[in-house]
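The opening position of the sequence shown corresponds to residue 9 in my numbering, with each subsequent residue numbered one higher.
Treat the hints with caution; some may be incorrect.
16 Å max Cα-Cα, derived EDC-like pairs, lysine to aspartate or glutamate [what the hints assert, rightly or not]:
#1 Lys367 x Asp408
#2 Lys302 x Asp324
#3 Lys231 x Asp351
#4 Lys183 x Glu143
#5 Lys103 x Asp201
#6 Lys135 x Glu79
#7 Lys103 x Asp324
#8 Lys413 x Asp351
#9 Lys377 x Asp351
#10 Lys135 x Asp199
#11 Lys231 x Glu79
#12 Lys269 x Asp251
#13 Lys367 x Glu410
#14 Lys183 x Glu142
#15 Lys318 x Glu259
#16 Lys129 x Asp199
#17 Lys103 x Glu209
#18 Lys120 x Glu259
#19 Lys190 x Glu143
#20 Lys129 x Glu143
#21 Lys231 x Glu142
Simulated from the structure, these hints should not be mistaken for lab results.
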Amino acid sequence: MKRYTTQKPSYGMMIAISAFILFALINGMTPQAYAEDKKNTQAITVTGVTAHTGTVQRRMTFSGPVVGRDEVPIYSELAQGRIDKILVEAGQHIKTGTILATVDASALRIQKAQQQATQQKANLAIKQQENSLEEAQLQYTQAQAERQRAEVVAETGLISREVRDQRITAEQLAKARVQAMKNSLSMAQADFDLASAQLAESNLRLSQAEIRSPVSGTVIERKARTGMSLAQNAEPLFNVLRDDDIEVELEVSADDASRLKLGMPVSIQLLSNTSAAKALNADTVQSATIYNGKVSRAATQINRQNQIAKVRVRFDQTPHLILGQFARVAVNVTSRNGIYLPDTAVRFEGSSAYVFTTKDGLAKRQPVKVGQHIGNKLEILDGVSAGMVVIDTAASFLRDGEPVKVTTRPAN
Numbered sequence: 009m010k011r012y013t014t015q016k017p018s019y020g021m022m023i024a025i026s027a028f029i030l031f032a033l034i035n036g037m038t039p040q041a042y043a044e045d046k047k048n049t050q051a052i053t054v055t056g057v058t059a060h061t062g063t064v065q066r067r068m069t070f071s072g073p074v075v076g077r078d079e080v081p082i083y084s085e086l087a088q089g090r091i092d093k094i095l096v097e098a099g100q101h102i103k104t105g106t107i108l109a110t111v112d113a114s115a116l117r118i119q120k121a122q123q124q125a126t127q128q129k130a131n132l133a134i135k136q137q138e139n140s141l142e143e144a145q146l147q148y149t150q151a152q153a154e155r156q157r158a159e160v161v162a163e164t165g166l167i168s169r170e171v172r173d174q175r176i177t178a179e180q181l182a183k184a185r186v187q188a189m190k191n192s193l194s195m196a197q198a199d200f201d202l203a204s205a206q207l208a209e210s211n212l213r214l215s216q217a218e219i220r221s222p223v224s225g226t227v228i229e230r231k232a233r234t235g236m237s238l239a240q241n242a243e244p245l246f247n248v249l250r251d252d253d254i255e256v257e258l259e260v261s262a263d264d265a266s267r268l269k270l271g272m273p274v275s276i277q278l279l280s281n282t283s284a285a286k287a288l289n290a291d292t293v294q295s296a297t298i299y300n301g302k303v304s305r306a307a308t309q310i311n312r313q314n315q316i317a318k319v320r321v322r323f324d325q326t327p328h329l330i331l332g333q334f335a336r337v338a339v340n341v342t343s344r345n346g347i348y349l350p351d352t353a354v355r356f357e358g359s360s361a362y363v364f365t366t367k368d369g370l371a372k373r374q375p376v377k378v379g380q381h382i383g384n385k386l387e388i389l390d391g392v393s394a395g396m397v398v399i400d401t402a403a404s405f406l407r408d409g410e411p412v413k414v415t416t417r418p419a420n
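Kindly generate the complete structure, drawing on both the sequences and the hints.
The following block contains the structure:
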């Protein structure tokens, strides 16, 4: 018959068990609560964001030169002649009708004097023909009266038929002369009209010898030179910026062109360092005043080769600027409605994206599908629903199933 003996616990083990029971009684914890507390002490503290549906503002930035809204080229209306005076210079503000330059008009003045003489001669001829017509009409009236008397007397037999026929012939001749004088007067009037038209043409050409501005604004370019032959020049003599109206010309991608709508408000920042502005290096650019403006000309076509479109931005109040200055234009565009998370909360693995959520105090890897990237926000198309808490900070080194302690904040 076997005997079973019970081994007494050692003195050290008894002390350890007693200490544990004492600690548990003092802190009011069961062994299970103690194990849970130990798990919490190992959890990583992270910050989570609560996803919600909304929109974000995208700030689009472009750059381009200051250009004239409407640059008016000015030519001479005369095909021949030489410029003898220049009356304005580039940069000068002018009004409508200001004389910019004059063309030597000596030959035109001589031609005008000849045409004035021709007009005066035609005017004298008209007066002479008017007098002749008046005399012919008087003679015709007398011939009519004599013919009528002859017919009455002829019936009584006091004058012969031959005399009556002579009176009739005299009346017809007088009538024909009246018609001839009328024709001569019409020709004299035509000569006068022709001379007047030629004189008017000379006056017009003399006025065209003064090259005037059809608009008010600033002369931005002068190519006219004293002694320049108009017959040998095909370029505009002057370029005038109508009403000093300026814009910023932007070259934007086809993607951005569809977002820039006519009338959209913008802010314009002029850059004094052109080379830096071209490089878009904001740290080395000294900026000037910021102006308000709006999109004045949306994209109408996109270049097939480089997929670039041109957009114009107009100042609300036209400042006094020099054409060619560089400017940076900022536009705020509202995104489509959806769920947007901070881009720090989204991780990428190849072409796949994922976020970390929490379940029962553990990090859970959640695959997502992302859309547009706006500023520091990423659009979540699938995988996250409104109200879900997504880990933001510490997401870069979390592992799936790792214990976490989450403090939440709204996804602004």
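Hinted pair Lys103 and Asp201, Cα distance within 16 Å:
Given pair Lys103, Asp201 is violated - Cα atoms ~36 Å apart, limit 16 Å.
Would you mind confirming whether the straight-line C-alpha gap from Lys183 to Glu143 stays at or under 16 Å?
At roughly 12 Å apart (the allowed maximum being 16 Å), Glu143 and Lys183 satisfy the hint.
Does Asp351 sit within 16 Å of Lys377, going by the straight-line distance between their CA atoms?
Status holds; Cα separation ~13 Å.
So if I understand the rule, the pair passes when the alpha-carbon distance is 16 Å or less; does Lys135 with Glu79 pass?
Violated, at about 53 Å.
Mind checking the alpha carbons of Lys367 and Glu410 for me, to see if they're no more than 16 Å apart?
10 Å, holds
Would you mind confirming whether the straight-line C-alpha gap from Lys231 to Asp351 stays at or under 16 Å?
56 Å, violated
For Lys129 and Glu143, compute the direct alpha-carbon distance and say whether it is at most 16 Å.
With a Cα-Cα distance of about 21 Å, the restraint between Lys129 and Glu143 is violated, given a limit of 16 Å.
Checking one constraint from the list: CA of Lys129 to CA of Asp199, max 16 Å. Satisfied?
The given pair, whose Cα atoms are some 9 Å apart, holds under the 16 Å limit.
Verify the proposed pairing of Lys103 with Asp324, using a straight-line Cα cut of 16 Å.
This hinted pair is violated, its Cα atoms lying about 22 Å apart.
Restraint status (C-alpha distance of Lys135 to Asp199 at most 16 Å):
With a Cα-Cα distance of about 13 Å, the restraint between Lys135 and Asp199 holds, given a limit of 16 Å.
Would you mind confirming whether the straight-line C-alpha gap from Lys120 to Glu259 stays at or under 16 Å?
Violated, at about 54 Å.
Under the criterion that the straight-line Cα-Cα distance not exceed 16 Å, is the pair Lys231, Glu79 satisfied?
14 Å, holds
The structure shown violates the earlier hints numbered 3, 5, 6, 7, 8, 12, 17, 18, 20, 21.
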